[in-house]
Each structure stands twice: as structure tokens, then as C-alpha cells.
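First to last, the sequence lines map onto chains A and B.
Under my numbering, think of the first position of the first sequence as 1, with each following residue one higher.
Under my numbering, think of the first position of the second sequence as 1, with each following residue one higher.
Straight line, CA to CA, 25 angstroms or less: simulated SDA-like cross-link-like pairs of lysine to any residue: (1) B:K164 <-> B:G106; (2) B:K219 <-> A:T131; (3) B:K219 <-> A:S178; (4) B:K93 <-> B:R110; (5) B:K219 <-> A:E154; (6) A:K219 <-> B:R288; (7) B:K118 <-> B:L151; (8) A:K219 <-> B:R284; (9) B:K219 <-> A:R171; (10) A:K219 <-> B:R147; (11) B:K64 <-> B:P114; (12) A:K164 <-> A:Q4.
Each pair of labels, with its calculated beta carbon distance range: (13) A:D137 <-> B:T113: 51 to 59 angstroms; (14) A:S285 <-> B:A28: 29 to 37 angstroms; (15) A:T213 <-> B:E277: 19 to 27 angstroms; (16) A:V57 <-> B:E142: 50 to 58 angstroms; (17) A:S285 <-> B:A82: 24 to 32 angstroms; (18) A:F275 <-> B:E211: 20 to 28 angstroms; (19) B:G53 <-> A:A182: 54 to 62 angstroms; (20) A:D278 <-> B:R269: 29 to 37 angstroms; (21) B:A263 <-> A:D3: 47 to 55 angstroms; (22) A:A255 <-> B:T113: 41 to 49 angstroms.
Calculated from the structure, these hints are not laboratory results.
Computed from a predicted model, the values in this text were never measured in an experiment.
Each residue gets a CB set at the ideal place from its N, CA and C atoms; glycine is no exception.
2 protein chains.
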Amino acid sequence: MPDQPIFERLCLIGVGLIGGSIARVARARGDIARTVVAHTRRPETLARVRELGFADVVEEDPAKAVAGADAVILCVPVGAYAGVMATIAPHLKPGAVLTDAGSTKGSVIRDLTPLLPKGVHLVPAHPMAGTEHSGPDAGFAELFHGRYVILTPEPGTDPAAVEKVAEMWRRAGSMVESMDAATHDKVVAIVSHLPHLIAFTICGTADDLAEETREAVLKFAASGFRDFTRIAASDVDMWRDIFLNNREALLEMLARFSEDAHALGRAVRWGEAGFIEDRIRRGRSIRRGLIERKQA
Amino acid sequence: MPDQPIFERLCLIGVGLIGGSIARVARARGDIARTVVAHTRRPETLARVRELGFADVVEEDPAKAVAGADAVILCVPVGAYAGVMATIAPHLKPGAVLTDAGSTKGSVIRDLTPLLPKGVHLVPAHPMAGTEHSGPDAGFAELFHGRYVILTPEPGTDPAAVEKVAEMWRRAGSMVESMDAATHDKVVAIVSHLPHLIAFTICGTADDLAEETREAVLKFAASGFRDFTRIAASDVDMWRDIFLNNREALLEMLARFSEDAHALGRAVRWGEAGFIEDRIRRGRSIRRGLIERKQA
Numbered sequence: 001m002p003d004q005p006i007f008e009r010l011c012l013i014g015v016g017l018i019g020g021s022i023a024r025v026a027r028a029r030g031d032i033a034r035t036v037v038a039h040t041r042r043p044e045t046l047a048r049v050r051e052l053g054f055a056d057v058v059e060e061d062p063a064k065a066v067a068g069a070d071a072v073i074l075c076v077p078v079g080a081y082a083g084v085m086a087t088i089a090p091h092l093k094p095g096a097v098l099t100d101a102g103s104t105k106g107s108v109i110r111d112l113t114p115l116l117p118k119g120v121h122l123v124p125a126h127p128m129a130g131t132e133h134s135g136p137d138a139g140f141a142e143l144f145h146g147r148y149v150i151l152t153p154e155p156g157t158d159p160a161a162v163e164k165v166a167e168m169w170r171r172a173g174s175m176v177e178s179m180d181a182a183t184h185d186k187v188v189a190i191v192s193h194l195p196h197l198i199a200f201t202i203c204g205t206a207d208d209l210a211e212e213t214r215e216a217v218l219k220f221a222a223s224g225f226r227d228f229t230r231i232a233a234s235d236v237d238m239w240r241d242i243f244l245n246n247r248e249a250l251l252e253m254l255a256r257f258s259e260d261a262h263a264l265g266r267a268v269r270w271g272e273a274g275f276i277e278d279r280i281r282r283g284r285s286i287r288r289g290l291i292e293r294k295q296a
Numbered sequence: 001m002p003d004q005p006i007f008e009r010l011c012l013i014g015v016g017l018i019g020g021s022i023a024r025v026a027r028a029r030g031d032i033a034r035t036v037v038a039h040t041r042r043p044e045t046l047a048r049v050r051e052l053g054f055a056d057v058v059e060e061d062p063a064k065a066v067a068g069a070d071a072v073i074l075c076v077p078v079g080a081y082a083g084v085m086a087t088i089a090p091h092l093k094p095g096a097v098l099t100d101a102g103s104t105k106g107s108v109i110r111d112l113t114p115l116l117p118k119g120v121h122l123v124p125a126h127p128m129a130g131t132e133h134s135g136p137d138a139g140f141a142e143l144f145h146g147r148y149v150i151l152t153p154e155p156g157t158d159p160a161a162v163e164k165v166a167e168m169w170r171r172a173g174s175m176v177e178s179m180d181a182a183t184h185d186k187v188v189a190i191v192s193h194l195p196h197l198i199a200f201t202i203c204g205t206a207d208d209l210a211e212e213t214r215e216a217v218l219k220f221a222a223s224g225f226r227d228f229t230r231i232a233a234s235d236v237d238m239w240r241d242i243f244l245n246n247r248e249a250l251l252e253m254l255a256r257f258s259e260d261a262h263a264l265g266r267a268v269r270w271g272e273a274g275f276i277e278d279r280i281r282r283g284r285s286i287r288r289g290l291i292e293r294k295q296a
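So that you can see chain A by itself, here it is in the shape it has in the complex (with noise of 0.2 angstroms):
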């Protein structure tokens, strides 16, 4: 006999990667939702979620998606999010919880918070989670187990409809940690953000080396390379909107790097065999402090 589900009607605003993999996990346990409610703009995903069947209700209309339901989860690119509350936010049932899966923080607060209803509780939250693929046939039940879910709420919101959230993703498995948006946005910046900028750039770096070069860099793309592009085959949309969302923190990080970068290869040039062994060892460090946390 499963625990009472922590929402009546909770309902999924795209059902992609994210979106498809709650209400896999949601279906799964029972102890979510108890009607699991998907919406999705484009016909062909509505009609694909149909097929897979792991939403008690496929609606169309995102108003009539969210009319009712006590729980809604935002699962689209961060750069959506304004439009969608405009689109829903007459909807919304008084005392539901409005959350969402997005990358970036601020970014949502600045985008939900003017539209939102009296009586709905913003609980902004990003499961640290992800695969390179996207769509709602590349979700999984077990996507957020054993991964961070990081909430930031505003001061002042409600703690019921916090803990109501942060209960939803303990029982998918992941660990829930709390923080303001702006340490949010400067952390995912740096470990998740930035990599990727990096990753897109090196691959269009070697794009545009001369024919011969770049047809040898295909062929002996050895394990540097190779991971630089795994995380460059990442969607389109989510990291535009990601990274025009996140602009300030990114930007600022990407200073940081690139001065970082500059010393590093200024100490190449002059031979500085000192300083470089540094950064190697530097490094090195870091890597022991993810061993020691048990994250690599």
C-alpha cells in the first residue's frame, strides 16, 4: 500500500526528457500523482505522448491542462516560460503549487513571479539531471535518482508547498538542497553552463580548421575531444534559452575563464614550467574533491 499521493492532479507543461520522465516515475510509484495530466504544444509529441501512455490525461489546451490541478510543473526551454503564464496563469487553481524543471533560476522568479496568482505558490526547483537525448520517448522513471534537485524559493513562500515539492522529488530519488536563485545561477553557471559554451565552441573551432586538418580531427578525436562533444550534442532550444537566461553569471564566468585560459597559454608561450605545473596540479585537486564526494 503506497503513501497517499502528495497531489491530486498534478500536471506536466511539455513532456520531453524532464517532463516525460516524471510522469514515468509518477506512474510508476503512485505515490506522486494521482491523475497525471500532460501538455504539449506540438500535435506530433501530443500524439507520440498518447502512443506511450504515461499521462492519465493528454490535453492540448494548456489552459484547460492546468484548470484544476494543484500541482503544475513547467518542463519546457527556460526562454518559454513568460508566454506559458501568460497563457495559464487565469488558470491556475487557487492554492496549487506552480514549479518547474529549468536550468536557471533568477531567470524564472523574473519571468513567473509578476503574472502569478494570488494564492499560487512559486517553488522554482532544477533536478541536476539530463541525458544528451530529448523528447518524450528519451525520458526514464529513474532519470532523477540519486541526483540533486535545487530549490529556490523566495523568502516568504509558503513552507507547506515547499516541502510538498521537495517531497515529490525525494520520492523520485533524487537529494533536495535549497539556495537562493542568484548562488544557484553562479553554481550551475560554472559546473554545467559554461562547459557547455566551451564544448559548443571547440567543436566549431575544429569546424573551421583547413579540409585536411579537420577530416584528421575526426579520425584520431582522442579522449579530450571526445568528451568535449558528448556534452555538445545537447538540444538545440534548451541551451539557447539556458544560456540567454543565465547571461550575467555566464558571462561573468566566461571572464573568469578566459583570464584564466590567457595565463595558462601566456605561460606556455614563455615556457613558465612552474606556473603550468601549478594548474595541472590545480586540477588534479579538484578532481580528488569530486572522488572524495563520490560525483566522478
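Model the placement of chain B on the given structure of chain A, informed by the hints.
For chain B alone, kept in the frame of chain A given last:
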């Protein structure tokens, strides 16, 4: 009944990950060398190599180690080549093949050619294989299996000597390719050396963040950063020497990458969605290229 060994007496100068793996595959197969001689500079490593027992002869004096060998492979960091060569050159056997396993090739030709005795054949080689571990314990016979080895013999090198080295690597399970040293150095600068420089750098950038953010970075390191730190766990001496000995190609690739990263940063600042999407798509297309070549 195995084929005749390619070499009567094969001498490894340096028996870390690469040298230790060559010794192991030679022993495992029996058709690479009749006798494997191992030399290493440090007494502790010498003792450990004796314990591990993967070489027929362990010799502390490099001059004695190379004496009588019909093949000598340098498996030390590329920065040590000139010093090693000064010691061993007078003792190399006429007709012997001198090869190596370094990740830079222009520097190898620069450092070894001036001291090369008449009648000794230099065949620079780069096995594109490795792990994040180092030392004689890290080696294993299968390390080179299915990996590329690039040979960069100068025009006019004895074809029989080149073929012996190529055949050795084929018997170790590798795919052998040839190109000129300058092309090699450019290709590895972008597929391997620049990714390592970037990985070392971003670890340092993270390490410099304010204490609170730094702790969170270690805690929440997403897959992007994890892939970077895997690269960054590599051997200090080896990578210092690679950077210093592929200086020009590496600085050229860093400059190109840096221009491209700043162009993408600028697009983020000014909200140029189309430019950002184009860069992400190029990353995906390179990724597809790798998958088609079964490298990913």
C-alpha cells in the same frame, strides 16, 4: 607457434603507463621482441618494475640498457628526450630503430635528430591511447587495442625501419597511420592538448571562486564539469612537457578557440539567438561525425 619476433632485444626507456603496457603486450604475445629490457630513472620505480616482472631485464644504467638493443622506445615525458638522447646516443647499436611514444612530434625530431648516430633509424610514433592513471602499475596489455598510432618519419627514413615499428603497433592491436610531424602536432593540439589546457583551467577557475560557491561547485558538479575533471586528472610532468613542446600549434588553437568563445559570449550578451543556435548545431554535427566514425 607465434610469428618470429620483430625485434631480438627491445629496450624501453621509461616504464610508466605506456612503457609498462608495451612491455606487457610484448610478453603476452611473444612475437614483438625476444627480450624486453626496461630502464627507468627512479630507484623506486626500478624496484617496482622488478617486482611486477613484466620485463626480462631491468637495467638502471641507460647506456647499458640500450647496448645491443635493435629497438629502443622512449616512453618518458617529451621534455626529457634531449637529456636522455645525450646519454644513450653513443651506445645505440648501428642499424637499431629508435622510436618513441610521445604526444608531440615536431619537438621529438628537433631534440633527437642532432644526436642521431649514423645508421640508427628514427621513427617517431604517437600511440593515441592512455588513461588518467600513471606509473608502472597502471599499464596493461590491451591499452593500445583498437587505438590509432601515428607515425611521423621524416622523408628518406629507411622503409624497413618504419615497417618494423608499424608492425609492432599492429601486433599490439593498433591502427597505424602516417603523416608529417607538423600536421600531427596541429591535429593533437585541437583534439587533445587544447581540451586538456581548458580542463586544467576551468578547474582552477572554480577553485578561485568564493568559498561558498566553491563548496557548492564540488557538491553539484554536473556531468559537464565531471567530464572536464576526468581530463584534468592527468599526469603533471607529462602534460607540462606536452604544452611546452607543442607550443606553437597549441597557442594557435587556443587563439582560435578564444576568438570563437568570445564571439559566442558576445552573442549571449546581445541576445543573438540565431548565432547561438548555429554554434550549438555545429557541435551536434561534429558529434554526429564522430558517431559515424564509431569514435564516440
